[in-house]
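Got chain A; can you put chain B on it based on the hints?
Going line by line, the protein sequences match chains A and B. Going by my numbering, the final residue of the first sequence carries number 586, and the count climbs one at a time with no gaps. Going by my numbering, the final residue of the second sequence carries number 440, and the count climbs one at a time with no gaps.
For the record, the hints were derived by calculation from the structure and aren't laboratory data. Among the hints, erroneous ones may be present.
[Said to hold, decoys possible] If you anchor each label on the Cβ, the simulated ranges turn out as follows:
#1 B/T358 to A/D381: 49 to 57 Å
#2 B/Q64 to A/H316: 38 to 46 Å
#3 A/M242 to B/D254: 37 to 45 Å
#4 A/E317 to B/I266: 33 to 41 Å
#5 A/G513 to B/D413: 48 to 56 Å
#6 A/T486 to B/Q257: 21 to 29 Å
[Stated by the list, open to error] For the chain B half of the interface with chain A, some residues (derived, Cβ under 8 Å), not all of them:
#7 A122
#8 D146
#9 R149
#10 M155
#11 A199
#12 H298
#13 G307
Quick caveat: nothing in here was measured; it's all calculated off a predicted structure. The beta carbon of each residue, even a glycine, is placed where N, CA and C say it ideally should be.
Spelled out, the chains give:
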Amino acid sequence: MTKKTIFPVSRVHEPLRVDVEIQNGQVVDATVGATLFRGFENMMIGRDPRDAALLTQRICGICSSAHAIAAALALQQAFNLQPTPNGQHLMNLIFAADIIQNHIRHFYVLAIYDYVKGPNMPPYTPRPEGDYRLPEKRNAELLSHVKEGLLKAMRAHEMLALFGAKIPMQQTILVTGVTEQATVDRISAYASILHELMEWVEKVYLYDVAVLADYYKDYYTIGSSKGNMISHGMFPQPITGRREYSSGVMFAKGEVQPLDINKISEDIKYSWYQGDTMQRPQEGTTIPDRNKADAYSWVKAPRYAGYAFEGGPLARAWLSGKYQRGTGVMDRIITRAQETLKICQLAEEWLAQLSPGGPTHTPYTSVMQGEGIGLTDAMRGGLGHWLRIKDGKIDHYQIITPTTWTFSPRDNQGQRGPVEEALLGTPVANTEDLVEVGRVIRSFDPCFTCAVHMIDAPEIPTMII
Amino acid sequence: MLSRREFIQLCMSATVGMSLTEYLIPVMRSAFAQNKITKAPVIWLELGSCTGESVSLQNAINPSLEQLLSESLDIRYHWLINVASGDAATQAIENTLKEEAGNFWLIVEGSVMTADNGRYNEIFMRNGQMVTGLAAVKEIAAKAKYVIAVGDCAAFGGPAATYPNPGGAKGVWEVVNKQVINVPGCPSHPDWMSGTFTHLLLYGLPQLDSYNRPLLFFGKTIHDLCQRRQQFEDGIFADFPGDIGCLYRVGCKGPVTHADCPLRQWNHSVNWPVKAGAPCLGCASPHFPDGMMPFYNHLPDIPTSFATLNIKKISSGLVAFGIGGVGTHFAVAVLKKRIHKHYIKGTKPLETLPPETLEQAKQELNELTKQKNALLSITTKSDVKQALRHRKWWRRKLAEFLNPKDKDGE
Chain A
122 MTKKTIFPVS RVHEPLRVDV EIQNGQVVDA TVGATLFRGF ENMMIGRDPR DAALLTQRIC
182 GICSSAHAIA AALALQQAFN LQPTPNGQHL MNLIFAADII QNHIRHFYVL AIYDYVKGPN
242 MPPYTPRPEG DYRLPEKRNA ELLSHVKEGL LKAMRAHEML ALFGAKIPMQ QTILVTGVTE
302 QATVDRISAY ASILHELMEW VEKVYLYDVA VLADYYKDYY TIGSSKGNMI SHGMFPQPIT
362 GRREYSSGVM FAKGEVQPLD INKISEDIKY SWYQGDTMQR PQEGTTIPDR NKADAYSWVK
422 APRYAGYAFE GGPLARAWLS GKYQRGTGVM DRIITRAQET LKICQLAEEW LAQLSPGGPT
482 HTPYTSVMQG EGIGLTDAMR GGLGHWLRIK DGKIDHYQII TPTTWTFSPR DNQGQRGPVE
542 EALLGTPVAN TEDLVEVGRV IRSFDPCFTC AVHMIDAPEI PTMII
Chain B
31 MLSRREFIQL CMSATVGMSL TEYLIPVMRS AFAQNKITKA PVIWLELGSC TGESVSLQNA
91 INPSLEQLLS ESLDIRYHWL INVASGDAAT QAIENTLKEE AGNFWLIVEG SVMTADNGRY
151 NEIFMRNGQM VTGLAAVKEI AAKAKYVIAV GDCAAFGGPA ATYPNPGGAK GVWEVVNKQV
211 INVPGCPSHP DWMSGTFTHL LLYGLPQLDS YNRPLLFFGK TIHDLCQRRQ QFEDGIFADF
271 PGDIGCLYRV GCKGPVTHAD CPLRQWNHSV NWPVKAGAPC LGCASPHFPD GMMPFYNHLP
331 DIPTSFATLN IKKISSGLVA FGIGGVGTHF AVAVLKKRIH KHYIKGTKPL ETLPPETLEQ
391 AKQELNELTK QKNALLSITT KSDVKQALRH RKWWRRKLAE FLNPKDKDGE
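Pulled out of the complex, with its shape left as it was, chain A reads as follows (with noise of 0.2 Å):
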């Protein structure tokens, strides 16, 4: 039996350990860590509620919308509010540029070399050797859809930019809507950028996608996990709020279950804080302590019903019941690419829906009092803010990441995390680079920035200037 450990695995966002135990050519056992720890929930203490939005999406600058979505719905609850039909579709057109832009992104910057020989210089050298299976000429043309790629994901970005102002980081979302106003000249920009991309997916992420399918079928079956998928929905509608992606839970490839927020919970057992109890995200103490014993990540261990779960296009696309190939590394890859078509197609039925020069939003105050919850499917899954108002300011937030589901280490009962899980019985060809060990890996888009769970301390003494 060897021991080996990966640090850092590189192309993922922010730092990632990972150690693995081969044996005969076959992954044994697996353990995850992160470890950056930053503690944002706590900084949201004593802030004023309507900053939320602002200051939550500064914890990720490749989803930073989708934590922005989420602290809006948060405060539509404790405020009691709605947005206006232009200004919820205006959202879910951010959202959608920005999950796009996401997944061409993981596809083109992140997952591809796994697969495809790289230019020979620095970054893309020094690289593994071995099994890169297609041929020259195919390399070559995967190699030419890359440049494709950034710019394409960069149009996307373009497109966010049209109603969020700025991107990385929009900054336009309120809780009633957004401030940019729904013109005509930025509707037809967004709608030409939208017909660009979509064409695009259609013709060449797909097909790339397809290509790499073909070539690594082994793909299918290496990471696959148990089945347990979870997703809360995303793209509310306007006035129903019945969304596009509706929410739900799945036990082992099973049936669609209504998702109940109160089963889940957080094991620390093995992360960086303090004791050892689980916690509800509504409630609970912890404070950070890097020497505790056993502890390997500053990830937590959320679990549903006490199990673990996997979120993202895969979990959607099985929840929708529109895929059930299988649960493998291929199978991540390709429902992210169809569901960049997918969300393509829905922001152009969107677009349509618009009424131009309608109000895109509603001005509001804030509350003294008031509790609110907001769940929204990001990019890479499940995406959950709670937060409670008190005497006008934030009281406590708490906030549950995609990434803290999939890459979460082992529970209070020694089960293992989703990726965890996903790694054994991997095979390795070579224990040195152990290519295989990293492509189950990226096939999660894996977001450190995000998933360091943060903590929850007692309320820190505020003076008001």
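Leaving out everything else, chain B in the frame of chain A:
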């Protein structure tokens, strides 16, 4: 090749619809062709960051990231784009430290986490030991030619250092013993980053302000360059974000923020916050975000008291300076009567409902006549005053004429 002056002009006059890199690539290419420059070896470290700067830089590259990589930067290590993982990747750091000592650049993204001696952020392994971001930055910066901090986190601590700063986040300049070129912003604008890199490559160190920010991007305030500046001067203020008018009342931090967003705009000049009706957050400031919160109030009521000295990262003095800046600007504006009643009451369109009855119409007509008369009387009064002043002026001239002695102090 462009002269330094021409280059600065180019950077400062970003044209709508074009990104800076589009101009820079041909410039770089000709410089390469003439063998005037060689690619700079770069170690890019991500510490307590959100990868926002890397994502932002990907947005600028036109046509592609490859182009910047092949034309100007020789990025040896950046874990977001390195193909190799683990030791194979970090070997590049060791090699660069050895081979290119005193020649390579260190670009840092994200703040340095200092809590528990840096163990809140570990970034790679060396001989089986975890290396913290803090230790790595100190060691690598000592051997680097330039240390560049991109983003507000790396430059000044930024969002990661928001009170109560659980991870002990600090700006890079606080932990290294060397000049750090700060390219702030949350995230930093791609042009600010690529422009600074190119200046370093072609002409060496750019002119920096007292916070070590390149003056060519951070020389003027958002307020000075803002498209809504005229509305500020005219006293037309928005009551809520998204309304027409200057966003000063709803928390715009433009007056105290040095950056050229209004000219350059974001994401290929598509938009920028104030244009979209969202108040500026002051994200390129050294005291962002604590000194800028609440974002939607003009005068900050910062819960992070001076007494707790939460922002050791930039010293509480800077925060005081920030609040002072906002406050003084406000006070001066009131004194100068720029803001006057509009600040308090807001600017609302005149409510002109058509009169419903003849009685109402008559009443309104009476009101209007009264107003007109009042105005007329004011005008007459001021005419009289004017005449009086004129007479006095005449008398003074006469006196001067009669007693010319004062003129040269004779």
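Lying within 49 to 57 Å: is that true of the beta-carbon distance B/T358 to A/D381?
-> 54 Å Cβ-Cβ, so the 49 to 57 Å window holds.
Is the shortest C-beta separation between B/M155 and chain A less than 8 Å?
-> Because about 5 Å separates B/M155 from the closest Cβ in chain A, which is inside the 8 Å limit, the hint holds.
Chain A contact restraint for B/H298 - C-beta distance below 8 Å | This hint holds: B/H298 lies near chain A, its Cβ roughly 5 Å from the closest one there, short of 8 Å.
Per the CB criterion, is B/G307 less than 8 Å away from chain A?
-> 4 Å, holds
Interface hint status, B/D146 versus chain A (Cβ within 8 Å) | 5 Å, holds
Once the shortest beta carbon distance from B/A122 to chain A is found, is it less than 8 Å?
-> At about 7 Å, which falls below the 8 Å cut-off, the nearest Cβ of chain A leaves the hint on B/A122 intact, so it holds.
Proposed interface contact between B/R149 and chain A, which counts if any beta carbon pair is under 8 Å = Interface hint status for B/R149: holds (5 Å vs cutoff 8 Å).
Could one say that the CB atoms of A/G513 and B/D413 fall in the range 48 to 56 Å?
-> For A/G513 and B/D413 the Cβ distance comes to about 53 Å; the hint holds.
Minimum Cβ distance from B/A199 to chain A below 8 Å?
-> Given a least distance of 7 Å, the restraint on B/A199 holds.
Could you see if the CB distance from A/M242 to B/D254 stays within 37 to 45 Å?
-> Between A/M242 and B/D254, where Cβ atoms are some 42 Å apart, the hint holds.
Can the suggested window of 21 to 29 Å be confirmed for the beta-carbon pair A/T486 and B/Q257?
-> Since A/T486 and B/Q257 have Cβ atoms about 28 Å apart, the given range 21 to 29 Å holds.
Taking the beta carbons of B/Q64 and A/H316, is their distance inside 38 to 46 Å?
-> Hint holds: Cβ distance 43 Å, inside 38 to 46 Å.
Consistency note: the structure conflicts with none of the earlier hints.
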